[in-house]
Structures are given as structure tokens and as C-alpha cells.
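*Asks:* Model the full assembly from the supplied sequences, consistent with the hints where possible.
From first to last, the protein sequence lines stand for chains V and R.
Counting from 1, position 140 in the first sequence corresponds to residue 140 in my numbering; the numbering is continuous, with no gaps.
Adding 1000 to a residue's 1-based position in the second sequence gives its number in my numbering.
Hints in this document: simulated from the structure, not taken from any laboratory.
Incorrect hints may have been included.
As the list claims (entries may be wrong) - Here are the computed distance ranges between Cβ atoms for each label pair: (1) V:Ile55 - R:Asp1226: 47 to 57 Å; (2) R:Val1221 - V:Tyr167: 36 to 46 Å; (3) R:Leu1170 - V:Leu99: 33 to 43 Å; (4) R:Met1301 - V:Ile55: 26 to 36 Å; (5) R:Thr1316 - V:Tyr167: 50 to 60 Å.
Glycine included, every Cβ here is placed at the ideal spot set by N, Cα and C.
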Amino acid sequence: MSEYKSSGAGPKPYMNPYLAGTLLGVVLFLAFFVTGSGLGASGGLNRMVVYVQNIIVPEHIDQVPYLLKMAGGKTNPLDSWIVYLTVGTIFGGLISGLLGRRVKLETNKGPRIGNKTRWVMAFLGGALMGYGARLARGCTSGQALSGGAVLSVGSWAFMFAVFAGAYALAYFLRRFWN
Amino acid sequence: MTTFPLPLADMFGHYGAYVVYALVGVLFGAVLETAGFGNSKKLAAQFYFKDLTVFKVMFTAIIVACALIFLTSAIGLLDYNLVWVPPTYLWPGIVGGLIMGVGFIVGGFCPGTSLVAMATGKIDGVFFVLGVLTGIFLFGETVSSFAVFFNSSYMGRFTLPELFGVSYGLVVVGVVLMALFMFWGAERLEAAVGGETAQRAPRWAPAGAAALVALAVAALVIGQPDTEDRWRMIEAEQTALLDERAVQIEPAELLGLINDTRIKAILLDVRDERYFNQFHIQGARHLPEGEVVKAARELMMEPANTVFVTMGNDETAATAAWKKLKAESLPNVYILEGGVNNWIRTFSDATFLQERLLRDRENDRPAYRFDAAIGARHPAAEPNPLAYEFEFEPKVKLELKRAATGGGCG
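*Replies:* Below you can see the structure in the form of C-alpha cells.
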């Protein structure tokens, strides 16, 4: 990429957002074109959670219809395309990070909070995200991005709700980020 | 029509197909990372109007993919009916979205970006992923207590063009123009309050925007194929099947399907309502000819083990309905051989058949007389499968469901 500074061993700058967005759009299109089903992230994580639950408390799976759709009997929760897509996403991030010299053990946070506060917030935010994503039947990738591109009404409503929720609370949390 | 989506499992085997998905994932993760989405500060800056990268990347991706999807669909390369469109559950989606928005600003990631953050050593990303796993676990444990809400406001496969009552092309053009206008606004906003990390639009941005508008306009001008266009794409191959009588199943086979617990048989009776009221097979659904295409949308959501069987008095109307359903890419559609007339002939006693036979009837009209509208209250409406032993040539081959059964929600 011509935009990258080639000198030095520091991290390379991020790609221009419009270029990255175009590439992401092409990847999304390819995903639809090859598989018919777009991208996703939370679905794969969901199945990994159910996989572990199925090992520890298999009899519990049988009592929850929501879990039973993914496991129970001979159904292997990991026997789904979305799991492999998720694994690929992690590797893709790592490869790109290595190429861009951006792999570094660090905590990104606002200047006014400590690492531990940031970690607690990250965990809480993650839990909300995980819960909300299952309630909405998809996350930013599966609903907003994939559903948005194929013009699903629910996905567009979802997308506005995500931005609304984040913007509504941003002011009150400014101390954590600025 | 080309094969869509690619039969990955046939091409590479069950696990080979997963390699393809993993490769798509690698590209996905790499793009997210290189866009800066592994960095929570950059993501959170979106909500303080300092760096609108999240917005720009997301909407650029949506309009690029959207324009490509509907352009390839317009020229028949991609079958939109088989594309996974997340079904709309309006209120669970909105409430879930609001919770996620809160999670976004509290935690600084969304699930996909946190994976990339974790992969590049961001400790806050690791904590976020642990949080997501916990949230998912908690959801699975609590969903039973609000299952009614979770399944409420279901609208099925419902798209913006259907909502606004305009063509797909028009919505694609509208979405592209709206996004471009918002990018222009985002650039001005960043220029006013932007932080040090914000990147400006590149020199090629206007050219890229023009190219995208051109793609969208092309999709609009060509237009999405209607049922007739779609039939023409498959006509040669499907007419051959009709001529070989490969899709007309005998009453005996249908009786077997109805009583097979592994199969969900959906019987689509396309006769006039009065004939349907006079007699129909138990469980058959009346489907007037004018509603076939609309019904196809909804039938598409049926599980993979569903077999659809169209039936008329004879075969003419049933075949017409079959063609429409095939054109709309519904899988596993068959025709009842000889129609309801043949069914009655097979499952009624000789006296009834002799007394009620209507001679000199026209094609696709009832062959037997019913004096009252008895519907399914007739012995032949629900024959006992154990009472009959037939030899027949089975024709139903359950095809692998081609339409994606789940999107990112898995």
C-alpha cells in the first residue's frame, strides 16, 4: 500500500476507511456469492459456549429448547460453518496484525482510567454485547453488515438501535474514553 | 441460472466446505484489523465524533456489497431468493440493538472486532471476548423466561423495498446516495471536531463514489428478475423433468410422505375454492393461483426436510403452480400425479367411484361428484396407510437445502 510508511519498525498506519470499507464490502459480497449467507461473529462464539456446556452439563442442554437447537443427542455444536468463519476471523486478524506490525500486548483505554478499570469495563461491555447479540439474533456483523446489505427491515432497525444506544450513553461515559 | 450458492459440500466434502468458510473468515478478520478495528480507542472515538472510521467502513461495506448483490441478482448470477436475509423480529432486534449499543460504548468493541483485538494482543479485547462468552451463556440460560418476547413481532423475510413498496433497484440507489451524503457530512464533522487519528477521504473518493452510483443505477435499470424471467432461466432443464415425469408423484408415494415422521409434507391444493370445500386431502392448504408467488416467500422458511406437493383436479393447474414455485427457487416441489381425481380414484371404494363418476368432464375439473362441501370429512381424505400396499416408483429425492439456513446468527 502506498499509504503505508515503509520506514521504521513501528506499527503501520491503518488503511483508509473508505478503502477498508470497499474491501470489506467485496469480502461480504463474496461471502454471499459463495455461501449465500454473509458474515457473522457472535453465532460462532455462541456455538463454542454451547459446546463447552454440552461437555459439562449435557442433561441441562436437553431442557433448554434454545440450546437444544445447537446441541443435544448427536448434534455437534461445532459442526456449523459459522464456527469456522469465526476461527478464520481470529487468524485473519492475527495475520493482518503481524503484517502491519500491530501485534502488541497492550490495553487501549482513555488517558484518565487505569488498566483494571478498562478491563472491568471491557468485560461488562462484552457481556452486554453478547447478551444483546443473541437477543437480536445477530451482532454488528451478522445483522447490521450482512442484513443491511441484503436490505432486511429488521437489520436496519437493529443498526439504528445500536448507534442510538451507544450515542445515548456516550456523553455519560466520556470520562472513560477521553 | 448458474448454480447458487456454490454446492460447497459437494465440491469439497463436508469439512472441506468449512475450509472455504474459514478462508472467508480470514479475509474478514484481516480487513477488520487493517481498518483499525482491533483498537478500542479508535472504535469508541466514533461516538465522540472524533473519528468516524466505524461509520465510514461499515456503510462503505454495506453499499458496496448491496450494489454488487443486486446487480449480480439482476443479471441472473446470484439468486436473491436463496440469499440469507435475516428474518425480522422487530422488537427483540431493537431492544437487543440498544443493549449492544450500550455494550459498545462501555466495552469499546463489538463481537467481531473484539476477536481481532484479541488476536493482536489487546488485553482489553481478551476481557471483552470473555464478557461476550459470558453474555451468550447468560442469554442461553435466561431466554426461556421471556421466550414470548424473543419470538414476538415476527415479520419473516421482510425487506426495505417491500416496506416502501418500491423496486429493489430504487432502494439500492437510494441507500447508496444516502450513504454518500452522510460520508460528505462525516468529513465535514471530522474537519470541525476530529481528533488526530481521523483519516481524510482519499483522492480517488469521488471516482469511487461515481462508480458505485453507476453500479446501483445499472441494478435499477436492469431490474430484478420476476417469476417469469426466473422461469425462463431454468425452463429447459425443468421442462425435461416434467416430460420425463420425474416430478409427478403417485398418490401412494404421497400417502407415504404424509405418514413419514421424518418428512414434513406440505400439500398445496390449487383448485377453485368450491372444489377444495367439496373435498380435499386432510391437512391440505388451499392456495389460489394468484397467491402462489407470495406463498413461495413464506414456504421458503420451512425446514430442510419439507416436501411440497401441488395438486389440482388433474395436472394442468398443479403444473402451472409447480413452475412458479420452482422459478422462485423453492426446493423439493412435486406434483400429485393425476391430481385429486387420481387420489380419490386410488383411495375410494368401487361403489363410490361408480356412483359418483362424472362423465364428459373437461380437463382439470372434478371427476367425481360431491353433493355437499364435506372438505376432509371423507374416508379418502385420510386413508389408513396400513390398509394399502402399493408398488410404486419413488421419485422424491430430498435435495439439500440450497437456501442458507442461518446467517451470522448461526
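*Asks:* For each hint, tell me whether it holds in the structure or not.
*Replies:* Results for each hint:
no.	hint	verdict
1	V:Ile55 - R:Asp1226: 47 to 57 Å	holds (50 Å)
2	R:Val1221 - V:Tyr167: 36 to 46 Å	holds (37 Å)
3	R:Leu1170 - V:Leu99: 33 to 43 Å	holds (41 Å)
4	R:Met1301 - V:Ile55: 26 to 36 Å	holds (32 Å)
5	R:Thr1316 - V:Tyr167: 50 to 60 Å	holds (59 Å)
Checked against the numbered hints listed earlier, the structure breaks none of them; every hint is satisfied.
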